Every structure is written in C-alpha cells, then in structure tokens.
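S.K.: Residues per chain, in single letters:
There are 4 protein chains.
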Amino acid sequence: MKNIKVGVIGMGRIGKIHFDNLKNQIEHVEVLAVSDPFFEKNIGVPNITAEDLIHHKDIEAVIICSPTDTHADYISLCAKAGKHIFCEKPHDLSIDRVLETLKEVKDAEVNLMLGFNRRFDPNFQKIRSLVQEGEIGDVHLLKITSRDPAPPSLEYLKSSGGMFLDMTIHDFDMARFIMGKEVEEVYAVAGAFTSESVQEANDIDTAIITLKYEDGTMAVIDNSRKAIYGYDQRLEIFGSKGMAKVDNNKPDTHVLYNEHGAHGALPLNFFMERYTMSYKVEMQKFIQALIEDQPLPISGVDGLKAMMIALAAQKSVALNRPVTIKEISEEKVKNIS
Amino acid sequence: MKNIKVGVIGMGRIGKIHFDNLKNQIEHVEVLAVSDPFFEKNIGVPNITAEDLIHHKDIEAVIICSPTDTHADYISLCAKAGKHIFCEKPHDLSIDRVLETLKEVKDAEVNLMLGFNRRFDPNFQKIRSLVQEGEIGDVHLLKITSRDPAPPSLEYLKSSGGMFLDMTIHDFDMARFIMGKEVEEVYAVAGAFTSESVQEANDIDTAIITLKYEDGTMAVIDNSRKAIYGYDQRLEIFGSKGMAKVDNNKPDTHVLYNEHGAHGALPLNFFMERYTMSYKVEMQKFIQALIEDQPLPISGVDGLKAMMIALAAQKSVALNRPVTIKEISEEKVKNIS
Amino acid sequence: MKNIKVGVIGMGRIGKIHFDNLKNQIEHVEVLAVSDPFFEKNIGVPNITAEDLIHHKDIEAVIICSPTDTHADYISLCAKAGKHIFCEKPHDLSIDRVLETLKEVKDAEVNLMLGFNRRFDPNFQKIRSLVQEGEIGDVHLLKITSRDPAPPSLEYLKSSGGMFLDMTIHDFDMARFIMGKEVEEVYAVAGAFTSESVQEANDIDTAIITLKYEDGTMAVIDNSRKAIYGYDQRLEIFGSKGMAKVDNNKPDTHVLYNEHGAHGALPLNFFMERYTMSYKVEMQKFIQALIEDQPLPISGVDGLKAMMIALAAQKSVALNRPVTIKEISEEKVKNIS
Amino acid sequence: MKNIKVGVIGMGRIGKIHFDNLKNQIEHVEVLAVSDPFFEKNIGVPNITAEDLIHHKDIEAVIICSPTDTHADYISLCAKAGKHIFCEKPHDLSIDRVLETLKEVKDAEVNLMLGFNRRFDPNFQKIRSLVQEGEIGDVHLLKITSRDPAPPSLEYLKSSGGMFLDMTIHDFDMARFIMGKEVEEVYAVAGAFTSESVQEANDIDTAIITLKYEDGTMAVIDNSRKAIYGYDQRLEIFGSKGMAKVDNNKPDTHVLYNEHGAHGALPLNFFMERYTMSYKVEMQKFIQALIEDQPLPISGVDGLKAMMIALAAQKSVALNRPVTIKEISEEKVKNIS
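Quick mapping for you: the protein sequence lines, in order, are chains A, B, C and D.
So that you can map any letter, position 171 of the first sequence is 170 in numbering that gives the first Met the number 0, and since no number is skipped, the others follow by simple counting.
So that you can map any letter, position 185 of the second sequence is 184 in numbering that gives the first Met the number 0, and since no number is skipped, the others follow by simple counting.
So that you can map any letter, position 271 of the third sequence is 270 in numbering that gives the first Met the number 0, and since no number is skipped, the others follow by simple counting.
So that you can map any letter, position 97 of the fourth sequence is 96 in numbering that gives the first Met the number 0, and since no number is skipped, the others follow by simple counting.
Looking at chain A on its own, in the form it has when it is part of the complex:
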C-alpha cells in the first residue's frame, strides 16, 4: 500500500499534535516538511516556507494549523496547487471568504476536511452509534455541556470572532453530527460573568443556546469560558426508546473516602489531554480516506453550516429573538452548495 506524503503548516500546539501523530502513530503517511518561522527545533524534517511546502512536488496533502487569518489564503493556494487539505477550524471568520475558497476547492477538485476533532472522541462516537443503531428510537432532544477551564487572553479574544464562532462552533458541529439533520432556528441568551478581559473584548463567556431542527426536534447547548473544576465536555441524547449520556474523562478512577466526604479526580484539564485520542483518529481517518480515495469524513460545507449556526446565535443575542438559519444564509450567502 502506498504512503501519502504530507506537509504541516504551523507547528504551534495543534500543529505539533498532528505532526507527532502523523510521524509516530499513523501508518501509510510520511511528513516531508513542516513550515513555521517561529519553530526552531530539529524534528528530522525540513522547515520551509508555506509557499514552498504547498508547491513541494511530492507533497500530496497539506495540514493547515497556522493562525486563523491565514487559513483561507493557504486553502486557496493548496487548491490552486492541486493539494488535498486538512484545515483546523475555523476556516475563516468571514462567511464570504469561506464561500469563495470553498468554490476554489470545488473547482480544483481537491478534498478539504475541517478539523472538528471531537467527532472522533470515543464518547461522542459511542453516542452517535447508539443513535444510528436505533437504540435511542426517535430522537427528541440533545443536550450538550461544553465549558472551558479558563478564558483565553484578551489578545486572543479580540481576534477570535467571539465565543460562538471560536468555542461553541465545536458544539454546533456536534449538534449536527449527533442528530444527523439540519438546524433551522437558533435562540441564545448570554452573559459575560467570568473575567474582565471578556467584557473588555466585548465578548460573552456564558450562554444557553436552543436549537430547533427542521423536523421540530430540539437541542440545547450550555457554555462557559471558565469552569474552575476543569474542562467539562458532556452530552446527553433523549428519545422514544431511551436516553444516553457521556461524562468527562478523568486522569484516574480513584475515590477517597474520609471524614469530610467522598473525593474523586477532576476532569482532564483541557483539549490537549481530553481529545488526545480524537486528534489521532481524526488524522488517521483523513489519511485513510485519501489512500482509499473515499470522501473525507468532514467537509468544508460542514464548517460552513456550523458557522451559520454561530452567526444566528450571535444575531439572536443581539436582537433577543429566535433567528433562522435561512435568515443568515439569505443575508450573507448567495449560493451554498
């Protein structure tokens, strides 16, 4: 079986995770180059410019992990160079730019996968399987709890696009993935309770978002940027034949009973620890699909749709009323594939 040859642009936190997985954990792939002007460690492959990497004659697929504001440009370059693309979320903060580059990707007949890694988490995979196998029956209700351990820096917040586009976007994708149908309308309430930097960035840090699907079923997401007890990632699905839920992962299973109570471990602290497995499986699936010439498990349109839910949530908070996805798409979008 042939090996896929790839390059990684951006060797920050996520870039390094993908690089290590590609190098050590995944078969049938070779990393020919990385590109990161600020990364100096010798890791056994050349560190070249992004342009050179994209145009490297042996590289078939590019993993884009650079800062958000470069994603669309690199996608565009990759498309023109005929390279397949794995791009970390978000694609871009401008929906017009997203649409533009999606068109380029389509015209170039390359494949693009958005990095919604949580879809590959064993807990959420299990819930998805239970739904698909009919164990839940007709699904009536989905509940997602998604809380970060601490808000990002003010600097990050200012260029993040806001909590819905930066953080909740994972939950919006999950809401589509688990239910396997499209969101029609969004209502959100939100506040800024956790830090001055969030208020200074004019952002929110706490929200409850209600989603209505096209068939009248519903989902609710609750978010916080600051759960003092760690990274809280839970999900519950309810339907005519049953209910299933998944809890957080913990570093160990201990419970200590003393005179003050029964005490156990906190959840794994953040996405690096919690989603270790999902980052690995995500990249495996990307490589495997390229090798087998199969559709990628997550498309650029998946990214676009999650983004439109986020924009609807933003508008809902601003106007304090439910907002339909149609409203967003008619406003912002001419033609979505």
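Keep in mind that the hints were calculated from the coordinates and are not lab data.
Just so we're clear, the structure is a prediction, and the values are computed from it rather than from any experiment.
One thing to keep in mind: the hints can contain errors.
[Stated by the list, open to error] Mimicking SDA-like on lysine to any residue, the simulated pairs with C-alpha atoms at most 25 angstroms apart in a straight line are:
| id | chain 1 | residue 1 | chain 2 | residue 2 |
| --- | --- | --- | --- | --- |
| 1 | B | K244 | B | G215 |
| 2 | A | K4 | A | K22 |
| 3 | C | K314 | D | A80 |
| 4 | D | K4 | A | V44 |
| 5 | A | K125 | A | N268 |
| 6 | D | K240 | C | E195 |
| 7 | D | K40 | D | E26 |
| 8 | B | K4 | C | I3 |
| 9 | D | K125 | A | N268 |
| 10 | D | K225 | B | G215 |
| 11 | A | K1 | D | D19 |
| 12 | B | K284 | C | G215 |
| 13 | A | K15 | D | N2 |
| 14 | B | K240 | A | H262 |
| 15 | C | K225 | C | K240 |
| 16 | C | K240 | B | H262 |
| 17 | D | K325 | D | S298 |
| 18 | B | K225 | A | G136 |
| 19 | D | K180 | A | N257 |
| 20 | D | K15 | A | M276 |
| 21 | A | K15 | A | N2 |
| 22 | A | K102 | A | A60 |
| 23 | B | K157 | B | N319 |
| 24 | A | K240 | A | H262 |
| 25 | B | K249 | C | M276 |
| 26 | C | K240 | C | R175 |
| 27 | C | K244 | B | N319 |
| 28 | D | K1 | D | A80 |
| 29 | B | K40 | C | N41 |
| 30 | D | K157 | C | G215 |
| 31 | D | K102 | D | Q293 |
| 32 | C | K244 | D | P250 |
| 33 | D | K1 | A | I42 |
[Said to hold, decoys possible] Residues of chain D clear of chain A, computed beta-carbon distances all greater than 12 angstroms:
| id | residue |
| --- | --- |
| 34 | K1 |
| 35 | K4 |
| 36 | P45 |
| 37 | K79 |
| 38 | R96 |
| 39 | S152 |
| 40 | L153 |
Even for Gly, the Cβ is constructed at its ideal location relative to N, Cα and C.
Fit chains B, C and D to the given chain A structure using the hints.
M.R.: Just chains B, C and D now, kept in the frame of chain A:
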C-alpha cells in the same frame, strides 16, 4: 407542646400520602376528619363533607388534596372559616381566581402553603444549601431535567391546563427556589412527540425552556412527558467557584457486569417513590410552622409566581419569541403582593 | 384477614424501631403491650413485665429486643407459653444454651425467627435474586465488606462475645444467605488497630476471614470496627456468567466539583439509617408468615450456623490455622437439627 | 543530553509495545537492534541474534522480552557483557536460578529492572501517593481484585509455573509496592472452576490469598483467570484516616438508559489496552534512571520477593495452612541480599 388538629379533603393518591404521614410519621398533629365521597375504607377517623370538615370547630388547619377545580373554592371557604390551609398545586388554573383567593386569605389572616413538595427533597435541599453556603460562588447557570415516565390520560390532559402549568410548574418553582431570585423573561420551544393523546389534547410533551433572571443569569429546563426508563429528576448548578449536580434515586445500588455490559437499576419509577421523603418533610414543616407560629416555608405568592412563568412559557411557544414576566403580569394582574 | 397480636420486650434502639414499624407501617398486626422497666414514654399501649407480656392471653407472638443475656430465658419462657418468637441476634453467646432453647422451641412447636435483618436490605436482596435467577452462572467467589463507623463502648465490648460473634455474625449469615450453601472451613487473620478500648477488652477490630464452602467455592469478608467515613456495607459476587456488586447507600446523590476535586456524600452513617427498610421488611415477613402459617424466612438453626462460623473464626485466629465447622460442631454440639 | 542506546530481545506482544514506546514515545533513547528469529517485519533497525545484540559495542542496555525460559541466560550474558537490563517478569521459575543470576548482576555492577509495569498505572500510582501523603493514615488493610478475561492456552499454562507465579505475581508485587512493607505470612485457598485446560494443566484459576505483613496489618487478593466481562483490575486501601479505591478503566463513559435498565461499557479488555500508559511510563523511568545514573525504580530483589510470596501461596494451598516467607526462604535460599 400542643397538638395541631387537622382535616384532609380528598383521599386520592396524594391525600392518602399526606394522611399516612400525618397519622404515623409526624408528631404533634391529630387528624380529626377526612372528606372524600369516593373513599370508603375505614381508617379510624370520620369521613364527612368538605363543608363540615372546614367548619369543624376543633380543626385548625385543612389539607386540600381534592381535584384542582375545587381548590380555590375550598381555600376561600377555609379563609372565611379562619382555618390555615395546605393546598396541593395548582392553586387554580385561572390567575384571576388565584389573585382573588389570595386576597381572601390575606384579609382573613390565615396562612396558606402551596404543595411544592420537591423543595424538601434531600437532593435539591443539598443543592440549595451549597448555593446558600457560597460553595458555588456567583451562580451563573441552573439546569433542570424533569421527565415523567408516561403521559397522563387524555381526560386528565384536557383539564390539566397544559404541560407547563401541570408539570413544569414544579420546575419553575425549583428555578426560583434554588436561585433565590426572580425570573424576568422566558423563552420556550416545544413539541408533541410521545403520544397521540397529547396531540389530541392539543398539548405539548417535550420542551426546552430558557429563563433569564433579573440579574442576567440564566436557567434551562428540559421536559418530557415520557421517559421510557422512568422518572428522571436531575439538577445542576454552575458558578464561579464550582458546579454541583444531583442524580436520580434508584431502588438499589447494584451493577451487574456480564458479557453484554455493565447494568444497573433504573430510577425510582414516579413521584410516589421518588418524593416519599419530600412529602413527609413538607408536611412536617407545615405542622411545625403552625405550632411555632412561624411563616410557612412556601406561600401562595410562590404559587402565583411559578404560574406566571408557566403562562409566559405558553405565550412564548405560541408566539415563538421571548416573553417577559412583566408582560404577563400587566396583562393579567392588577396588583400582586 | 385476621390481625396478629404481639408484644415487644425491650424498648431500646432496636425495640423502638420494631415497635414503630409494627404500629405504623405493617398491616394485620396489633401491639398489645411492651415491656421495658427503663422506658417511661406513653406510647398508647401498656408497659408490663416481660413475664406478664409473655403470658398475656391474647398475645400470639413476642418480639425480643432486650439485652443479649436475657434472650435465651425469654425464648424458653415463650416456648413454654406457646408463643411464636422473633428474637434479635444473638440468640445467646453459649452454643449449649442455644441448642437447649432450640430444642425447647422445637418441642413446643412454636416458630422462632432470628433478626438477621440485612437479608431484607434491597441491595442484598437484589444480589440474592441475581444468583437465584442464574445471572451470575456458577458462583465462584463472594466478597463482603462490612465496617462500622466506630467501635462500641468498652463496657459493651466486654459482654459482646467478641467482634466475630457480635458484628461479623451478620456477614456470616449473609455468606450463607447469598450463596445458598454451607460453609465448611474458616481461616481468619485479625488485629486490634482502632482503639485502646478494643485492646483493653482483649478483642479484635480488623479482620479478613476466608470461608470455604462444601463445594470448594469461597468467600472473603473484611471487617473493621472503625471506618472514619461511616458505615461501609458492600458486597460482590463473581461467577461464570458475570459479576454483580452493591455499594453503600447515601443520604443524597450530590457531587460538587470545585478546584480541589469532585466531592460526594458519605454513606448513611449507621444501621439505623442504612437498614431502615430491612428492619421494616423483616418484621412484615415475620407477621405475614405467621398469618399465612408459612415457615419463617430465618430460623433458629440459621442463627446457630452463623454462630458456629464465628466460633471457627475465633479459633482460627487463636491457632493461626484453618478450622472446619465440623471441628466446632463435634467439639461443642451433640446433635444439631 | 546524551541518548541511551538499547536493543530489544523478543518482538512478541510485549516486545512490540516496548519497541514502539522506545521508538516513538520516549526521548533520549535509540533502538539500535532487535532480536527475534520469528519476527520478519522491517521496522527500520537490524534484526540480529541475541548474542550479537548483547555484545553490540554501542548498546548500553538490553530489553528482554523473549520467552521466560531464556530470561536468566540472557540476564547472565548481559551481566557478563556489562549491559544494563530491563527484563519482563518472571525472572525465572527457579528461585535458585534467580539467586544465581542476581549475584552475577550484582558482581558485574550492572542494573536490572523487573517489568512490574502495573506500578506505573495512573490508578495505582494515585493510591500509592495517597498512602505516602498520609491521606489514609495508618494503613490497616489492602484489597486487590485481579481477574483476567480468559485463561491462557493449555500449552502456555503447562510452562507458566502456575497461576501464582504467572499471574498473581503482579498482585504480590503490588501488595509490597502499595503498602511499602514486607509480607511475612501467606494463606491461600484456590480452585479450578473456569476451564478444562486449567484442570488438565493441574493448575488453579480462582483464589483468595490473605497476606500478613510484618507489623500485623493485612492484605487480601482475589483472582480469577476468567472474568467473562473483561479484565478486572481494582484495588482498595483502608486505614485510620480514610479509604481509597480505584476502579477499572473503560473505553468510554456512556450510560444508556432504556426500559431494561442502565447500561455502561465493560472494562478495557486486557493488559494491552488497560496498561498502555504504564508500559510507556515504565520504560521512560528505566531510560531516565540510566541517563541520570539513579537507582532503577524496581530491582531484581523486588522480583525475588514477589516470587517468594507466590511460592508461599503455592505451598499454602498444597498444605492448607498459613506459610511464612521465612519458611520459603530458609528452604530455598541461602543468602538473599
């Protein structure tokens, strides 16, 4: 210490629970009479008409467990007769009638307690204590899951006032009780998925209700009339210093591990089993407050306020927009104490 | 259906539990008298001497809850008076005295039930059912954890017969009840680690006891007189088709997550809280069996057999070797029915 | 910092785990060669004879993962060649041979680490920390449950040395590791219930083993070769200040509630999945200790001591009496360091 002398009107399911608790579990109280034309068992106390019971010269307090459409009339009669009142929820389905009788109660200087028994459940009491002791810090978010094992009969549904007034009203009260502050605005999405009888009654059986409090914090309630796995009553509170949640009670703690998985018991089936303790404590607190001449732990106004949240939720579903409590009160109410 | 008429001897902690259950919770029974010279509260029935109670012409069954050293005498008197007997454990600390009175009971053709209340606990009942229904397959191994929150007083310890006869005897009975077969050999290791009073009483407070059954399967019990975190009562069964275990009961289901960890409630503190339900069901089954003229669910021989396991455990610790039940019975017993 | 250069002898299941960890997961180490005549895959390093590997001039440490009956010979060769040694358990089935090679290792001043990988499992590490930090207070009792999903083949069983030396040896080591003190006496009961091959091999598959430590405290281990629900690896520690326990790891956290009950995942199936992390950390600690010239975390004497507990357990079952470690050591050993 003196004994309080009481009578019980209505010896259906709830009436019998209260009667047994008053007779066998609670000190300093004597049941002098019951009133139920359809109840024929000899339980050692006379079964007389409701009017005779209310006017019995030795009875100081009346426990009203008769059908909903008689509550307001009996409250009115009790007020006129100078008797203290414990009334099962709901007070009445008409907010005007509630206001009218609350005024009579106030003028007569008798005490009225509404039967929001869940406030006395050990799980919810624990959450309330954690909030009050500051263990949660500044509270940002409350989540309530409340699902019945099966919808009531079509006949019951038709006269129930709808799911929000009949079932969710307990959750609306809980949302006020746990947070200790007032709800300002309500948004609800709902559907009828579980049975034809719900659709025939033109009612709903599944809902997500978002509540905004006066200080911008928020709560979300999810309901179903039919959880095939039993009575699902959970709650979670989240704030700056931590998160606490309570789970369902189960009949036993067993887990069976076999080749198919790990299997445990389902939640206690319905309110009779789950809220056994809260019914007992509720009645103890009622009797104790009367003996010590203290304010009752739940007032008629508490019933009224939960009712207004329910009416706002109904209107929100009808109009698909958030509805303020003020809107309901200005519409329906002249002057609420 | 007729009512059984009973009397209660001894109104200490356990006597009061039984009295309350007989009076308020159990149907088809009347308490005609109690007997306790140190009990002065008016509870609506006469407080008479034990002899008068036993010979009361209308009393059919006697509930013996007096101090241990009176049990055998009262059993003997009841047998002579033709009264059925419910006796709290232990029957007597002398196996000869136990055998003597069991013979009197047999000759008098009255029924005797020993108060091994834990058999009626919902958790242990569930395990027993799983075994009987074949869910565990061939049972290979039973594990019992049984720890008290604190050792009794020195005075109590001195007349208790030692930990195995006083405390572990419940676990020995449980080991027979769950497995449904007889213990053949016992090996025990023990120590006195928890308090000076235990050492002063020349008793033990910590032990691991291995039981071999007649078919070669096995059980292990671990005990402590002092679990600082409360009353620890767990059990696990393992066999060819699966494993099942039961955990402690807790006062509520809360878990609090804060920056220090995840914190839950401790087990219910002691037998009064933990075994509330089993005391009630135990007495119901006693009354029901008398009414229906059925065998009592626990016999005097059950008490005798648990006692012989305890004596074997004592001897095992003394000699540091496994001790067979046959050895004990040949030593102490001429003929056991 | 320098890199340690190593070779791996034996590329079976465990050998491959260690090779992958050394190659991909652990820093400051290079694998220069492997040796396995039955391993044909190209993994980028030469596959040479064991003798050549041991005498390879650049190899500083040898990882021995070959069949048990070769361990002592390779240890001996490594010692003579001045190479540090990591050896999978067991060292050898003959205690005389173990002593002989330990002397050679000592004389050659090389370091030997036995592969008791479970010491590095995050759950057991947490328990060890709680004990060391005093959270348990004076430790009275340790309980270990250790059950395999299925017995090995008849062929394996015949050369395994028996369950105590092959499987329970991990638990004996754990009993020393967690308690931090030496076992003085052993009593074991055992049976063969799970398969005909176990009986044919004249081995046991189910046991309860009681350990007494030199200070009178105690431990109990229960084993089965066949837990139909998977690999069951739990531990509990009890002392004056509290109790702590660790449960199995599961592939996901889901619970499905349907009309039949609440259903969750089974434990991770076997040591490859459960102890992934402990194999990695074990090898990291080995390499790190070599680099820093520190004592290895597990010594050859640790292996010897676990082995003597196993021999005492075997003798206890054979004679049905407690057996002291002294008895074993005086019988088998002249001078143990």
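S.K.: Indicate, hint by hint, whether the structure satisfies it.
M.R.: To see whether the hints hold, each was checked on the structure:
no.	hint	result
1	B:K244 / B:G215	holds, 22 angstroms
2	A:K4 / A:K22	holds, 11 angstroms
3	C:K314 / D:A80	violated, 56 angstroms
4	D:K4 / A:V44	holds, 22 angstroms
5	A:K125 / A:N268	holds, 22 angstroms
6	D:K240 / C:E195	holds, 16 angstroms
7	D:K40 / D:E26	holds, 24 angstroms
8	B:K4 / C:I3	violated, 31 angstroms
9	D:K125 / A:N268	holds, 17 angstroms
10	D:K225 / B:G215	violated, 57 angstroms
11	A:K1 / D:D19	holds, 22 angstroms
12	B:K284 / C:G215	violated, 56 angstroms
13	A:K15 / D:N2	holds, 22 angstroms
14	B:K240 / A:H262	holds, 17 angstroms
15	C:K225 / C:K240	violated, 35 angstroms
16	C:K240 / B:H262	holds, 13 angstroms
17	D:K325 / D:S298	holds, 20 angstroms
18	B:K225 / A:G136	holds, 13 angstroms
19	D:K180 / A:N257	holds, 23 angstroms
20	D:K15 / A:M276	holds, 20 angstroms
21	A:K15 / A:N2	holds, 20 angstroms
22	A:K102 / A:A60	holds, 18 angstroms
23	B:K157 / B:N319	holds, 23 angstroms
24	A:K240 / A:H262	violated, 34 angstroms
25	B:K249 / C:M276	holds, 14 angstroms
26	C:K240 / C:R175	holds, 20 angstroms
27	C:K244 / B:N319	violated, 49 angstroms
28	D:K1 / D:A80	holds, 21 angstroms
29	B:K40 / C:N41	violated, 28 angstroms
30	D:K157 / C:G215	holds, 23 angstroms
31	D:K102 / D:Q293	holds, 20 angstroms
32	C:K244 / D:P250	holds, 21 angstroms
33	D:K1 / A:I42	holds, 16 angstroms
34	K1	holds, 16 angstroms
35	K4	holds, 18 angstroms
36	P45	holds, 20 angstroms
37	K79	holds, 35 angstroms
38	R96	holds, 37 angstroms
39	S152	holds, 29 angstroms
40	L153	holds, 34 angstroms
In summary, the numbered hints that this structure violates are 3, 8, 10, 12, 15, 24, 27, 29.
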